[in-house]
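Trainee: Protein chains in written order, with my numbering: chain V, 22 to 162; chain S, 307 to 692; chain C, 203 to 567; chain U, 422 to 982.
To be clear, the hints were calculated from the coordinates, so they are not data collected in a lab. Zero decoy hints are in this set.
Heads up, simulated BS3-like pairs for lysine-lysine below, C-alpha to C-alpha not over 30 Å straight-line: (1) S/Lys520 <-> S/Lys530; (2) C/Lys558 <-> V/Lys36; (3) C/Lys282 <-> S/Lys584; (4) U/Lys533 <-> V/Lys147; (5) C/Lys563 <-> U/Lys921; (6) S/Lys535 <-> S/Lys658; (7) C/Lys281 <-> C/Lys228; (8) C/Lys282 <-> S/Lys596; (9) U/Lys424 <-> U/Lys966.
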Amino acid sequence: MEKAFIPKITAFLCKWCSYTGADLAGTSRLQYPPAIIPIKVMCSSRVDPVFLIRAFLKGADGVLIGGCHPGDCHYQSGNYHTRRRFAILQSIFDSLSLETDRLRLSWISASEGPKFASVCNEFTDKITKMGPNPTRKNIFL
Amino acid sequence: MSKSSKPGIKIPVKNGIEQTVRTLLNKALGHSIDALLMPVKVPSKDSYAWILMQDSDVVNDASPMAAGMPVQGAKALKSLTRKGGGSLRVAALMRPCEVRAAIELVKLNQINLENVVLISYDCPGALPLSELSDNFEAAEKKFKVLLSSRCFDSPDVKPVCQFCTGFSMGAADIHIGLADGDTGHLLLISGSPKGKAFLSAAGLNVDEDLSAYKKQVDLILKKKTQKTKEIFQAVQPMVEGLENLAETFSNCIGCHNCQSACPICYCRQCYFDSKESKLEPAYYMEKAEKRGGVSFPHDRVLFHVGRMSHMSLSCVSCGQCTDACPVSIPVAKVFSYVASQTQQAFEYSAGKSVSEAIPLKEFKEDELQKIHEIVKSAESQESPHE
Amino acid sequence: MNKILITDQGAEQSVVEVLRFLLDNKKVGGVLTLRQTSKKGSLDYGLLTRSEELDRAVPLMPVMPANAAQILSSLTPAKKPIAAVVKPCELRGFVERIKREQGSLDNVLTISMTCGGVIPLDISIKTSKNKLTPKYYEQVKAGEIPENIRPTCKTCEHFVPMTADITISVVGEKGLDSTCRFILNSDKAASMTEGFGRIEDGGLDTKVLDDHLKKRQTKNKNLLESLKSQLDGLDGLVDIFGKCIGCHGCSRVCPICYCVLCDFESRSFDQNVTFYEEELTQKGALRLPPDTLFFHLGRLSHMSFSCVGCGQCADVCPADIPVASVFKKIGENTAALFDYVPGRDVEEDIPVMVFKEEEFKELGE
Amino acid sequence: MKKVGVYICECGPNIADNVDIERILASVSSMEESEGIEIVAKPYKLLCSGEGQEYLKEEIETNQLTHLVIGACSPRDHNSTFINVCKQTRLNPYLYKLINIREHCAWIVHDKEKATDKAIQYIRGGIRRVLYQSELHEKKLDINPDVLVIGGGIAGIEAALCLAGPERRVFLVEKSDKLGGKAAEWGSLLPRQAGGVKAIQDKIGQTEANTGIQVITKTRVNNIIGFLGNFEAELCQVDDPETTTDLTVGAIVVATGFRLNEVSSLPEFKSADSDEVYTTLDVERMLKEKGQVALQTGEKPKSVALIFCAGREKVGYCSQICCSTTIKIARQIKEQNPETAVKCFIRDLCLPHKDDQAFYQQARDLGVEFVRVQTVKSDGVGVHYTCMDQSNGTEKFDMVILAPAMEPAEGTTELSEILGIPLHETGFYEEAHQTINPVATATDGIFVAGTARGPGGVTATLNQAQAVAGKIMVQLIPGEQIVPEVKVSEILEAFCMGCKTCLDVCHYGAIVFDEDKGISVVKEAVCRGCGNCVGSCPSGAIQLKHFTKPQLYQEVIEALR
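Can you build the whole structure from these sequences, using the hints too?
Mentor: Shown next as structure tokens:
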């Protein structure tokens with residue numbers, strides 16, 4: 022029988038803000054679904070949109086980019102570039118009526134443990150409602 | 307090994323050749339093999355894609371003997387095993403030319419056959435890609451007829467297929483004989499211990515005498531060899547002398563599809579696309595001033611002749627280059643012709659057996675003069691209509 | 203008010219004469235133009251330095267045997283001035299390349315035309331040249347959209363050159379066979395053609411062009427509509443690109459794809475056999491070679507906002523995938539995010555090179 | 422054969438209680454076959470402890486591990502600990518990876534089952550990644566402890582005095598012919614009026630006397646190349662740019678100060694030279710020279726108007742010190758001749774320092790008059806204003822004193838380009854972070870102090886100068902070496918198309934263009950390793966060491982199992 026759907030969510034987190042925020046969520050013992058596997062990068066701007074496409078096509082039910090709040094980038098303005106690249110990718114997904122909702126960009130500062138937890142909760146709920154990414158089954162990709 | 311020493315066995319055809327093959331392979335799946343590599347119709351139902359499969363539902367959707375060859379099977383095998391063979395035992399069902407290409411790529415260390423069983427069949431030829439895109443259903447029907455009627459001289463298949471002398475048994479571990487005209491049966495021939503093991507695992511003990519089958523194959527071969535002669539006579543003037551080469555490729559737009567569709571061109575980056583091959587802006591101007599003009603895309607002839615010099619020894623005449631050419635240049639005919647020349651020069655036959663080393667690995671200075679002259683002259687004066 | 207140069211010869215011939223004039227008077231060291239090369243009437247782009255070479259030139263021929271944007275990249279920065287007769291989309295492509303440091307406009311006199319559209323390669327190479335254009339020009343002169351041109355051309359809204367020094371008025375020009383009007387958009391153009399012929403004040407016939415534009419816009423709308431129905435998510439995408447044979451010809455002929463090695467052919471995404479085997483156990487089956495969609499999506503993310511809709515990609519696709527239409531649609535959307543028009547202005551920043559602090563506030567919470 | 426050591430820290434009960442370590446080890450070991458590698462997988466109670474570290478060393482050596490993966494706490498806690506462990510063995514620390522299964526698994530979900538599942542995925546991802554990591558070698562660089570201070574005002578002087586010592590020379594470059602800058606022209610300093618001026622004179626004296634400080638006047642900076650620890654500076658004489666001198670220093674302090682807004686240029690404050698209209702700085706000079714405020718005739722003014730916030734709208738920011746300065750002047754005039762009517766036209770008052778309020782009150786007590794107005798203009802010595810109640814007024818005074826805004830000093834833009842550090846929209850230098858890193862700049866080794874980074878008083882300026890000195894002292898310890906970041910970008914020549922996209926997105930000027938080769942090149946020592954350039958390169962020609970595509974992609978794949 023089909024076992025219950027546990028979403029696979031990849032989260033690219035920048036070392037200075039979001040990853041630290043995730044740490045804080047842990048230290049404050051905040052509860053959130055373990056579906057999310059963090060991947061640490063120095064800056065969200067390292068995350069080439071191609072990574073998101075890759076993850077999406079390889080069956081990620083959701084992909085999250087976490088960066089410092091605009092203006093607070095540890096590297097001055099990397100996250101502004103991230104935002105633009107994300108906008109482009111989103112537009113492409115929209116035009117192709119691919120599920121844009123599976124991609125998410127969140128600004129989470131080092132002090133926002135609770136926010137990290139809530140982002141994870143919301144996102145996981147949303148993805149769970151959406152169900153598995155069709156790319157998981159399609160053999161012609 | 308000569309053919310006669312390769313024993314075979316006849317199995318009855320049930321619900322068509324393809325279904326018979328699918329059943330055979332489905333049985334083996336999970337026992338003597340772990341996965342199958344076969345063409346499957348794409349969802350848009352107008353082409354095929356190579357699918358590596360374990361799921362028997364997918365096997366039932368597969369088209370083991372596809373009407374056409376959108377992607378050369380050796381490429382599929384390469385992408386799987388280029389970085390070394392896996393733990394799964396894979397059976398790949400491919401056309402003879404695809405097997406030959408695979409063998410060449412093994413020699414070039416791009417394919418690892420350790421855990422792969424190569425299955426091939428007497429190939430009626432492949433229909434041109436354009437026919438598939440124009441009217442896929444019609445194409446499939448047409449091909450099914452060729453298969454079931456065991457027809458090997460159809461004028462509808464790709465030009466190179468029409469004079470292909472390698473349409474039958476090659477280096478495959480298992481060969482499915484169709485040429486003997488016995489439409490009620492398939493003749494399974496084991497070409498290697500691996501193949502033999504596979505068959506016996508399926509409870510098939512090979513003891514069939516092949517002489518009757520061999521006669522038929524030789525008959526077809528004679529016709530094809532004759533045809534080859536004619537074609538090559540026609541092609542010769544197309545390639546002899548720079549004038550003619552240039553004319554032959556005068557429509558080339560430099561997309562290099564021929565190279566990227568070629569199973570043998572395994573380079574990540576073709577030298578002719580690389581930075582090293584790029585020229586300074588000033589160079590073109592000087593050249594133009596010398597001759598009144600230069601042509602773009604530049605170095606057309608150089609590219610094609612250069613590519614010949616790189617791969618013609620391993621060319622398996624699969625015709626993918628022609629299929630991929632957007633301006634209908636008979637690339638395959640030309641390359642096939644040149645390949646026959648160069649391969650003869652070394653008494654080498656591409657894809658015949660893994661044990662034959664590619665002559666390139668033991669190059670002698672005085673070899674391949676012809677090609678070298680062409681390359682030189684091509685480099686020295688790109689193309690006459692300038 | 204612009205100046206126009208008017209001749210009393212057929213357009214094709216007039217353009218040749220202008221080029222001849224430029225060469226003979228040493229205004230330029232060479233001219234880049236379409237020309238007939240071989241007996242069977244093949245066409246190529248020729249960089250010509252002698253006026254007798256112009257005898258075979260067919261500068262206005264509505265075909266694209268290669269994308270001139272790529273050619274101009276290899277010819278520039280030019281030490282000696284050259285004149286190039288190119289299609290508006292080729293010019294826009296070149297401008298996009300220049301933004302990526304793949305060439306320069308210095309020493310280049312750009313000549314373009316109000317473009318009636320380009321005849322697909324497979325038609326143009328099969329048809330003898332004298333049969334190719336009569337019907338085409340009838341319709342162009344009448345300001346109609348020719349039937350036998352590329353789908354993307356039929357929907358092209360940028361058929362008027364954006365940055366050309368000289369614009370040849372073609373679309374809707376009734377008298378095309380007996381006269382030709384060159385709009386001189388720059389001082390460079392004026393000074394270089396000085397002494398060639400009759401100069402008057404004036405410009406393009408905006409009325410005619412607007413009417414024509416409307417026709418193209420309608421076609422474009424229809425195209426986008428029809429695409430919408432096809433692009434209905436993953437399945438639609440697989441239906442369109444599923445038959446891709448992975449030759450990547452589309453990227454190789456693309457004027458925007460300037461990389462010497464496409465990242466999607468590089469080692470970056472290589473997998474070893476264990477990954478395939480795992481994917482196989484997860485999915486039950488998988489495609490080889492892999493990453494068919496990945497390539498096209500990835501390419502979109504790299505260049506869509508710069509797509510000039512020239513249609514070269516669709517022309518070279520051996521599998522007859524409507525690459526150009528899809529990329530054009532998506533390009534229009536991504537470019538719209540930044541009010542960006544590829545090829546409009548060489549000074550305009552490529553969207554991915556810059557950012558605005560106050561943009562996309564809605565993104566990322 | 423690759424041999425990966427995988428060690429799971431129980432972290433006391435922290436991890437052990439909520440993650441099934443045995444199961445992790447089992448799953449990890451099963452990778453031996455699929456990956457074709459050897460794996461040593463073991464638990465340990467507390468890896469960060471002394472014994473823990475010894476244990477790890479032991480394990481690495483005896484098992485001859487080629488790679489190391491540790492499942493434990495946050496990298497912020499103990500990454501450096503384990504890196505040091507590696508450094509004491511033959512294992513290159515860049516072949517090690519720490520996986521945070523405490524904060525990210527054990528502590529976020531009560532369900533031990535789920536926590537363990539995630540931990541397994543997470544660690545397997547780490548193992549795959551580490552297999553694709555490659556050795557990196559930190560190279561130590563000798564540093565030059567000397568410092569170049571640009572600007573001989575109090576900021577520069579203070580920094581120089583703090584920094585100069587037997588092992589550290591300071592080059593103090595001033596474009597005018599003498600030290601002291603604006604503050605030296607002040608007639609008096611807040612809060613204790615007399616002492617301040619003398620204090621500054623003393624500092625100038627000390628500076629000139631200090632053998633560790635080489636004062637170079639009538640000179641400006643022409644060019645700077647290099648990075649923290651190793652800068653090369655080219656100086657040139659102001660009145661003869663051809664004569665240049667080269668310096669090598671380890672750090673640079675920008676202390677170029679400010680200038681006062683040209684009020685005369687503002688339409689709302691018209692005046693001719695004949696008029697008795699002065700700026701606060703004029704008055705400071707006057708007080709310094711004559712010791713008193715007098716008209717051009719030498720007589721004392723009977724009435725004086727002081728106009729605050731002159732030209733604030735134009736610059737768009739508050740200059741912080743003008744209020745107290747102007748009040749100070751008002752007081753001085755009143756103290757010197759009580760019969761003079763002193764009227765201050767104010768719109769807002771900015772009195773941030775602890776004794777400003779008292780100081781202001783004393784001024785009122787002395788009889789200085791403060792009028793709050795909406796707008797105020799002056800035409801020579803005639804002052805026109807609109808009060809808060811909309812009523813208009815016009816008065817004539819013997820003398821009008823304007824308190825203009827502070828603006829970036831001349832040549833700030835040019836210098837910022839030479840230094841390659843950005844300017845704030847106000848035109849002052851941009852700090853690395855205005856709030857949390859206020860005296861550093863975008864470039865390591867270049868610091869900014871005083872009014873070059875924005876309006877401020879003498880006190881703030883001195884604070885910053887001292888802060889800068891502190892930072893430099895800890896970053897450039899004489900005789901010690903520095904280890905530049907090794908996780909930096911590198912550009913693969915064969916694939917770079919020279920499109921310069923990376924140059925545009927890099928905010929550190931860490932990428933330069935090689936005109937001969939027509940490709941971009943990374944200045945390793947300047948690169949901060951953020952990877953923005955990698956994300957921007959369509960050609961895949963840039964790779965960020967230790968964060969390469971294959972490495973990250975391994976993690977992605979595992980996350981999707």
